[in-house]
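A.B. asks: Next come the chains, spelled out residue by residue.
There are 2 protein chains.
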Amino acid sequence: MTGWVKIVGLGPGADSLIAPEATSVIAQATDVVGYIPYVRRIAPRDGLTLHESDNRVELDRAAHALTMALDGKRVAVVSSGDPGVFAMASAVFEAVDDGPSQWRDVDIQVIPGITACLAASAAAGAPLGHDFCTINLSDNLKPAALIEKRIRLAAEGDFAMAFYNPRSKARPEGFERALNVLRDTCEPDRLVIFARAVSTPEQSLKIVRLADVIESMADMRTVVLVGSSMTRVIDRDKGPIVYTPRSVPE
Amino acid sequence: MTGWVKIVGLGPGADSLIAPEATSVIAQATDVVGYIPYVRRIAPRDGLTLHESDNRVELDRAAHALTMALDGKRVAVVSSGDPGVFAMASAVFEAVDDGPSQWRDVDIQVIPGITACLAASAAAGAPLGHDFCTINLSDNLKPAALIEKRIRLAAEGDFAMAFYNPRSKARPEGFERALNVLRDTCEPDRLVIFARAVSTPEQSLKIVRLADVIESMADMRTVVLVGSSMTRVIDRDKGPIVYTPRSVPE
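Which chain is which? The protein sequence lines are A and B, in order.
Numbering-wise, the first sequence is residues 0 to 249 according to numbering that gives the first Met the number 0.
Numbering-wise, the second sequence is residues 0 to 249 according to numbering that gives the first Met the number 0.
Warning: the hint list may mix true and false statements.
In silico DSS-like pairs for lysine-lysine, Cα to Cα no more than 25 Å straight-line [stated by the list, open to error]:
1) A/K141 / A/K168
2) B/K148 / B/K168
3) B/K148 / A/K148
4) B/K237 / B/K205
5) A/K72 / B/K237
6) B/K141 / B/K168
7) A/K237 / B/K72
8) A/K205 / A/K168
9) A/K148 / A/K168
Keep in mind the hints are simulated off the structure, nothing from the lab.
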């Protein structure tokens with residue numbers, strides 16, 4: 000039996016947003032590895048072993064998946080959203096790059112998924128309808144100064160922005176620093192969207208002006224979208240729509 | 000009968016990458032509108048009218064969809080990829096914003112999809128595994144100087160980048176200008192990926208150093224990914240993997 004590792008995205012939350020290719024990989028797998036809440040989204044069945052692991056052990060999980068694949072297992076590594084966006088794909092490839100040479104012989108494939116910022120944008124309208132930047136606000140693995148620099152440059156370029164992992168309980172000060180950069184660089188009316196648990200029963204969506212943002216509007220289940228200077232709201236009886244037009248005038 | 004407009008993404012090309020929610024919308028629709036090649040991906044059936052239209056008539060198409068919905072039709076507006084990324088969602092909302100007031104009463108929903116850069120990244124490994132910018136290189140609707148400014152700032156921030164619509168037959172000079180900005184701001188070994196028609200039978204993937212890029216490697220079916228300075232290649236007998244590590248050292 001030839002083993003493999005396939006790294007799949009489970010999308011933002013709803014089962015109806017999981018790509019059929021990801022579903023098919025899970026149906027063929029003998030083993031699923033991933034962070035606890037993502038593995039719990041997989042229905043148990045005979046012949047499938049579920050391996051839950053904690054946050055921040057991504058390299059151990061990757062090594063486990065690669066080792067099982069060399070033993071002939073068909074291993075699905077599950078992430079939420081898209082596995083290539085602040086998720087498990089890079090961790091698996093870091094493990095391959097630094098690991099024993101036989102890991103390079105493992106069949107590895109990445110199956111794309113719907114990443115959280117796209118689902119958040121769809122729920123609000125189309126705030127990412129023009130050029131945008133995607134930034135992970137967690138400073139676990141990169142300097143806080145680099146995060147601030149990137150936000151500043153994104154604002155200078157008038158990109159819309161999507162912030163992942165905006166605010167952890169352990170280190171809430173990162174989001175405050177990001178907000179301070181936005182307050183320095185963007186007008187007070189700039190539109191900000193707090194999209195939490197999009198496409199799940201707990202979905203909530205807050206649309207506010209930058210001047211009205213309160214730090215506690217974000218947590219780790221929230222994606223924060225920041226409009227460009229062109230982003231606007233359509234007020235309607237059916238609820239507001241936020242979108243960024245396709246055109247920028249000369 | 001209550002009409003609606005649902006704006007759905009058909010993903011990068013493969014049917015196995017269409018979200019079940021998009022498939023379900025199409026199954027419920029009475030009418031499908033979209034650019035010719037996207038509408039041709041929809042299987043004809045009794046009770047469904049397919050309305051193909053040409054490129055660059057997005058606002059007319061949006062108006063048509065909204066008008067039909069007011070007449071009680073259930074209209075699926077189809078885009079490739081994700082409808083919120085350089086696609087039909089913004090066009091529909093521009094039409095609503097500028098159109099007759101009754102268009103604001105139409106039920107409108109956006110169903111997210113897998114946008115081309117995620118599929119391209121997955122096919123190559125995980126080059127977008129860290130912060131990245133998504134930039135439309137078409138200067139149909141925005142000044143060429145703004146495109147160059149954004150690429151320059153993205154390079155200064157050491158973002159990875161994804162370029163959509165890199166090179167049209169009518170205006171190939173835009174891609175040459177983008178390349179010149181990259182050559183000014185990035186080292187010659189910077190990794191560039193030309194991902195064409197990803198997930199279709201015509202898929203091709205070229206991984207080259209910036210110094211070896213030739214303008215003709217891109218066309219309108221290509222997404223171009225540019226790594227950050229941290230992006231690296233794993234050389235393997237099974238073919239190269241390009242990825243961006245999750246960490247940036249202090």
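A.B. asks: Hints first: check each against the structure and report whether it holds.
C.D. replies: Hints and how they fare:
| no. | hint | result |
| --- | --- | --- |
| 1 | A/K141 / A/K168 | 18 Å, holds |
| 2 | B/K148 / B/K168 | 23 Å, holds |
| 3 | B/K148 / A/K148 | 16 Å, holds |
| 4 | B/K237 / B/K205 | 15 Å, holds |
| 5 | A/K72 / B/K237 | 19 Å, holds |
| 6 | B/K141 / B/K168 | 18 Å, holds |
| 7 | A/K237 / B/K72 | 19 Å, holds |
| 8 | A/K205 / A/K168 | 20 Å, holds |
| 9 | A/K148 / A/K168 | 23 Å, holds |
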